[in-house]
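Protein sequences appear in the order of chains S and P.
First residue of the first sequence: 1, per the working numbering; consecutive thereafter.
First residue of the second sequence: 1, per the working numbering; consecutive thereafter.
Misleading hints may appear alongside valid ones.
What the hints assert, rightly or not - Facing chain S, from chain P, some residues (calculated, C-beta under 7 Å):
hint	residue
1	H69
2	V76
3	P80
4	S81
Stated by the list, open to error - Selected chain S positions facing chain P (Cβ under 8 Å, derived; list incomplete):
hint	residue
5	G2
6	M4
7	E10
8	L14
9	V39
10	V40
11	V43
12	C85
13	F235
14	N237
15	D258
16	L261
Calculated from the structure, these hints are not laboratory results.
Where a beta carbon is used, it is the ideal one built from N, C-alpha and C, also for glycine.
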Amino acid sequence: MGEMDKLRKEAESLKEQITAARKTVQDLTLQDHTAGTSVVGRVQLKIRKTLRGHLAKVYAMQWGGDSRLCVSASQDGKLIVWDSCSTNKVHAIPLKSSWVMTCAYAPSGNMVACGGLDNMCSIYNLKGKDGNVKVMRELAAHTGYLSCCRFLSDSEIITSSGDCTCCLWDIETGTQKTIFAGHLGDCMSLGMAPDYNTFISGACDYTAKLWDIRDGQCRQTFAGHESDINAIGFFPNGNAVITGSDDASCKLYDLRADQELMTYQDSSIMCGVTSLAPSFSGRLLLAGYDDFNCNIWDMLKAERVGTLSGHDNRVSCLGVAADGKACCTGSWDSFLKIWN
Amino acid sequence: MHLSGLLWDLLCCIPLGLIWLLQVNIMSNNMAKIADARKTVEQLKLEVNIDRMMVSKAAAELMAYCEAHAKEDPLVAPVPSSENPFREKKIFCTVL
Chain S
1 MGEMDKLRKE AESLKEQITA ARKTVQDLTL QDHTAGTSVV GRVQLKIRKT
51 LRGHLAKVYA MQWGGDSRLC VSASQDGKLI VWDSCSTNKV HAIPLKSSWV
101 MTCAYAPSGN MVACGGLDNM CSIYNLKGKD GNVKVMRELA AHTGYLSCCR
151 FLSDSEIITS SGDCTCCLWD IETGTQKTIF AGHLGDCMSL GMAPDYNTFI
201 SGACDYTAKL WDIRDGQCRQ TFAGHESDIN AIGFFPNGNA VITGSDDASC
251 KLYDLRADQE LMTYQDSSIM CGVTSLAPSF SGRLLLAGYD DFNCNIWDML
301 KAERVGTLSG HDNRVSCLGV AADGKACCTG SWDSFLKIWN
Chain P
1 MHLSGLLWDL LCCIPLGLIW LLQVNIMSNN MAKIADARKT VEQLKLEVNI
51 DRMMVSKAAA ELMAYCEAHA KEDPLVAPVP SSENPFREKK IFCTVL
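One chain only, chain S, in its complex shape:
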């Protein structure tokens, strides 16, 4: 028992040192710095397209690298690859397990992946020889549900799981290359850095962690949220991280200052954030909420500058295309909508 107490005290002391070190560099707040800037003008985005076809709740979506195709996953047991401009379905892939919670589009456009309560990440080859889309690999080793997956390349993918770990997989061999352990709660979401050297994870232990992909180390941990972190993403320059939580707020953490810079919340918003994405320049933060809406925040001034209302149920996923030209929202009402 003596050893446990010693370790506990040491941990507390180290946490205090971290807090003190963060305070030392806090010469100004982001609000101070942007005091002279005016809030961005009201942002009014219109629904340009509605993607109809899923027969049940849409749980996840991701834009392809070409900013035109996107993939969505629904608990109707289908992955659909859409041409967002024509609203045509390029592929409709039936899944073995309909309990899907996440999907991903490889940057090359050659593959998609999905997973959920089957605890596996299934990789599908879109460019098979005979034109049929087939399962290429089933990555099985997680002991909890697959909450999120993101491709590094056609040969590597990172997954986050309800078993509190994230994992880097070799798709060719179907084996785990690195396990990222450290979270004390279900990992709910992950985001890839623009340079693909690091990734961030948000979990039900209310913290976000920054991981080095190659050596498997957790480099930084960010606390502050008062409930599960459901959504996470990088600021476009890769130097900051944005999180969205069940505590109804989003937070901006700077990686180099190692601390929270801003909170995006409003007393009128009392429901959890389910998804988020920054706009191309990082000036706007688009976030999807349980109350069927999305809110658009001025990231530098922390003021709400717009709302996206159009869904009849919870907004479960949201993504901004790589070229920044459109935002796609997916909802439990079974539709996806393209806005700009």
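Given chain S's structure and the hints, the job is docking chain P onto it.
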């Protein structure tokens, strides 16, 4: 009588065995907790020692990035409908 003596010994062994199993369980549980606590301390030691940038500099760079890219951000600076791939191209009727 010999038999009842043996039976009594056997009966005593069971609770003693259970107590022994429980002790081993508690011990291995404690060892696992200590191992976890050690890992937590090692991780915190890594996180304490990183270099931290002044918030003013970090904030300035974030703001500079937003400003530098604002013109190319179609959601901040909307593009005309002709350049919006999601808008219907207007087709005008022509009289032949």
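Check each numbered hint from earlier against the structure, then list the numbers of those it violates in ascending order. 3, 4, 5, 9
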